[in-house]
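4 protein chains.
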Amino acid sequence: MDKLEQVRNHLRDFAAERDWDQFHSPKNLSMALIAEAAELVEHFQWLTEQQSSELPGDKLEEVGQEIADIQIYLIRMADKLGIDLLGAVEKKIAINERKYPAEKVRGSSKKYTEY
Amino acid sequence: MDKLEQVRNHLRDFAAERDWDQFHSPKNLSMALIAEAAELVEHFQWLTEQQSSELPGDKLEEVGQEIADIQIYLIRMADKLGIDLLGAVEKKIAINERKYPAEKVRGSSKKYTEY
Amino acid sequence: MDKLEQVRNHLRDFAAERDWDQFHSPKNLSMALIAEAAELVEHFQWLTEQQSSELPGDKLEEVGQEIADIQIYLIRMADKLGIDLLGAVEKKIAINERKYPAEKVRGSSKKYTEY
Amino acid sequence: MDKLEQVRNHLRDFAAERDWDQFHSPKNLSMALIAEAAELVEHFQWLTEQQSSELPGDKLEEVGQEIADIQIYLIRMADKLGIDLLGAVEKKIAINERKYPAEKVRGSSKKYTEY
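Chains as they are written, first to last, in the numbering used here: chain F, 670 to 784; chain V, 670 to 784; chain A, 670 to 784; chain U, 670 to 784.
Rather than coming from a laboratory, the hints here were simulated on the basis of the structure.
Just so you know, same-sequence chains aren't split out, so a pair can sit in one copy or run between any two.
No more than 25 Å apart at the CA atoms, straight line, and that leaves these computed lysine-lysine pairs for DSS-like: (1) Lys768 / Lys749; (2) Lys773 / Lys728; (3) Lys728 / Lys760; (4) Lys760 / Lys749; (5) Lys760 / Lys672; (6) Lys768 / Lys672; (7) Lys728 / Lys779; (8) Lys761 / Lys728; (9) Lys773 / Lys760; (10) Lys728 / Lys749; (11) Lys773 / Lys761; (12) Lys779 / Lys760; (13) Lys779 / Lys768; (14) Lys761 / Lys749; (15) Lys728 / Lys768.
Everything numeric in this text was worked out from a predicted model, so none of it was measured.
Work out the full structure, taking the sequences as your base and the hints as a guide.
The structure is reproduced here in structure tokens:
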């Protein structure tokens, strides 16, 4: 069992011990996940891009916690839906490699529908 | 090297080959991440909680791709900030275990500040 | 001048007096806006739909403040981009009336691309 | 009746004619609203702040439609919760004026809790 699966199991136990599975419908988890994503956005909203790359230590610690919260809900969501998280990622990267051939999109941030 | 680190390296190469690192400031990545989180929300917005737990196969496939997109940006974000993703998750779970003792919060969805 | 224009002008003065226009690029305002939208989502994430329709008074007051925050950033955004907010709304409603003819979509929540 | 109230009534009729009130719980509307807010974010995610202030005409038109979508759901949400939208905004501006005195916060983007 790899580390991600260990964390998934830990989170299962965490929810079960608190009787929180009743709240963890995919609908509700998607809301909790985006609320955490927004806390990340909030850290960066008034910073320049440059500043966002050079966070002082205490901010970096806080940002790390927001990232962890997002990851936690993402693992729960995948688990509840029976989705293999890293397997889905690998499939999606393969799709992106076809959608965005390096020689075609180099240095451009356009969406693939705009090429 | 575990699987998550392999994916992180794959995503590094993916960005480098396309000269996309210039766009991948933490600020910008937080925006891309929440935009993907919202696509997940959009799948569930008019469904009941029950329906969100019983997605038909084609919807589940689409939802899996949105989840993968979120995971991809989360891995990129952690990498760009030098954060150990699963390490941060384990630290956060430990914090949550202190904030939400099982015997105190069982069956309740209140925020810890409300206890 | 109608009430919405009065509020827009008030918000202009508010930002100018604080020298905050430097932070109010459309990019940054979109981040602030979605962060406020997420605070609204957070209020509802563990509630049933029914509960979300029957908020107790103190929660309703808090939700009213989140809604106000979203409206404030939306007015600022439109102002910064030179967009007539209610004019844009009226145009969009006309588009929606064509996209979703009542006799065709009655009682269904599908997206127009799915008909 | 001012223009905003006219739009609110128009949106009421729009939903009623389509039998969509059944979907418009505050919980669901908060999800629809944040999904629209994310479409706005998506327009800006790879742009510099400067570029976000100088959108070409076709992009500005698209952004105007996203802003309209957010406004539409915000009006529906306030209506469903019985909240006076502009009244709530005026109350919130008064709160912000106390939280952020001009002479104290001039030129700073810190959150009021950080002063």
